[in-house]
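Student: All chains should be modelled from the sequences, with the hints used to inform the complete structure.
Counting from 1, position 111 in the sequence shown corresponds to residue 111 in the numbering used here; the numbering is continuous, with no gaps.
Be a bit skeptical, because a hint or two may be false.
What the hints assert, rightly or not - Pairwise CB distance ranges (calculated): (1) E192 x M1: 55 to 65 Å; (2) G110 x E192: 16 to 26 Å; (3) A161 x G30: 22 to 32 Å; (4) G110 x G150: 27 to 37 Å; (5) K87 x G152: 14 to 24 Å; (6) G88 x T115: 38 to 48 Å; (7) E192 x T99: 19 to 29 Å; (8) K112 x H81: 52 to 62 Å; (9) A50 x R21: 21 to 31 Å; (10) R79 x P153: 31 to 41 Å; (11) K199 x K10: 44 to 54 Å.
Calculated from the structure, these hints are not laboratory results. Positions of the beta carbon are idealized from the N, C-alpha and C atoms, including for glycine.
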Amino acid sequence: MFAVLKTGGKQYKVQAGDILRVEKLAADAGETIQFNDILMLGGDAPVVGAPFVEGAAVQAEVVDQIKGEKLIHFVKRRRKHSSKRTKGHRQKLTLVKITEILASGADKSGVKVATGKGDAPAAAKAAPAAKAKAPAAAAVGSDDLTQLTGVGPAAAKKLEAAGLTSFAQVAALSADDIAAIDAIKVKPEWVEQAKDLAKG
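Tutor: Now the structure itself:
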């Protein structure tokens with residue numbers, strides 16, 4: 001039996017035991033997830049969805065969160081200026097192993113649904129942790145984060161999007177909190193400066 005599932009804007013034909021590289025999912029290694037967008041079930045009695053097959057699902061175990069191969073975009077103009085430009089990119093991917101294909105009863109399985117917004121939960125987890133550690137006085141108003149060396153208006157907006165609006169919140173960040181923020185790379189110097197600025 002095989003199934004055709006849709007995730008990350010792509011379609012995959014899968015069987016039990018297959019290992020797939022899909023667009024990044026919000027799940028940790030070892031976790032069991034379920035794909036509910038099933039376009040077709042194949043086998044002895046094929047079923048084609050319109051657009052999805054009702055009650056069908058594919059369950060998988062998350063093996064690891066990985067990065068794809070580095071893609072290099074190279075531009076060279078032949079005449080006059082001889083300008084060159086190189087840009088590199090590594091796509092964030094999730095490695096999953098297909099464990100089971102369910103023809104029906106997907107809604108009653110109780111398994112976590114696979115969602116593709118992997119970056120949002122990490123930032124959302126970091127923001128409450130930072131807010132919880134901040135003093136009550138800092139929660140009342142927000143500080144001008146552009147006073148930190150290297151933080152411009154764009155970086156300040158990214159920090160605010162991650163839930164960091166005051167010096168006290170930035171000063172309270174631990175190494176784990178910094179690693180969990182995907183929206184912007186928080187520098188350790190900012191934390192030290194924020195501690196001094198938070199004191200007044």
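Student: A separate judgement is required for each hint: does it hold in the structure or not?
Tutor: How the hints compare with the structure:
1. Between E192 and M1, the C-beta spacing of about 58 Å keeps the proposed range 55 to 65 Å intact.
2. Judged by the Cβ atoms, the range 16 to 26 Å given for G110 and E192 is violated: they are separated by roughly 46 Å.
3. Hint check: A161 to G30, Cβ distance near 30 Å, so the stated range 22 to 32 Å holds.
4. At about 47 Å, the beta-carbon gap between G110 and G150 misses the expected band of 27 to 37 Å.
5. At about 22 Å, the CB distance of K87 to G152 agrees with the hint of 14 to 24 Å.
6. At roughly 28 Å, the beta-carbon separation of G88 and T115 lies outside the given 38 to 48 Å, and the hint is violated.
7. Take E192 and T99: their Cβ atoms lie about 47 Å apart, and the range 19 to 29 Å is violated.
8. In this structure the supplied range 52 to 62 Å holds for K112 paired with H81, their Cβ-Cβ distance being about 53 Å.
9. At about 28 Å, the beta-carbon gap between A50 and R21 stays in the expected band of 21 to 31 Å.
10. Distance hint for R79 and P153: a CB-CB separation of about 39 Å, consistent with the stated range 31 to 41 Å.
11. At roughly 51 Å, the beta carbons of K199 and K10 sit within the given window of 44 to 54 Å.
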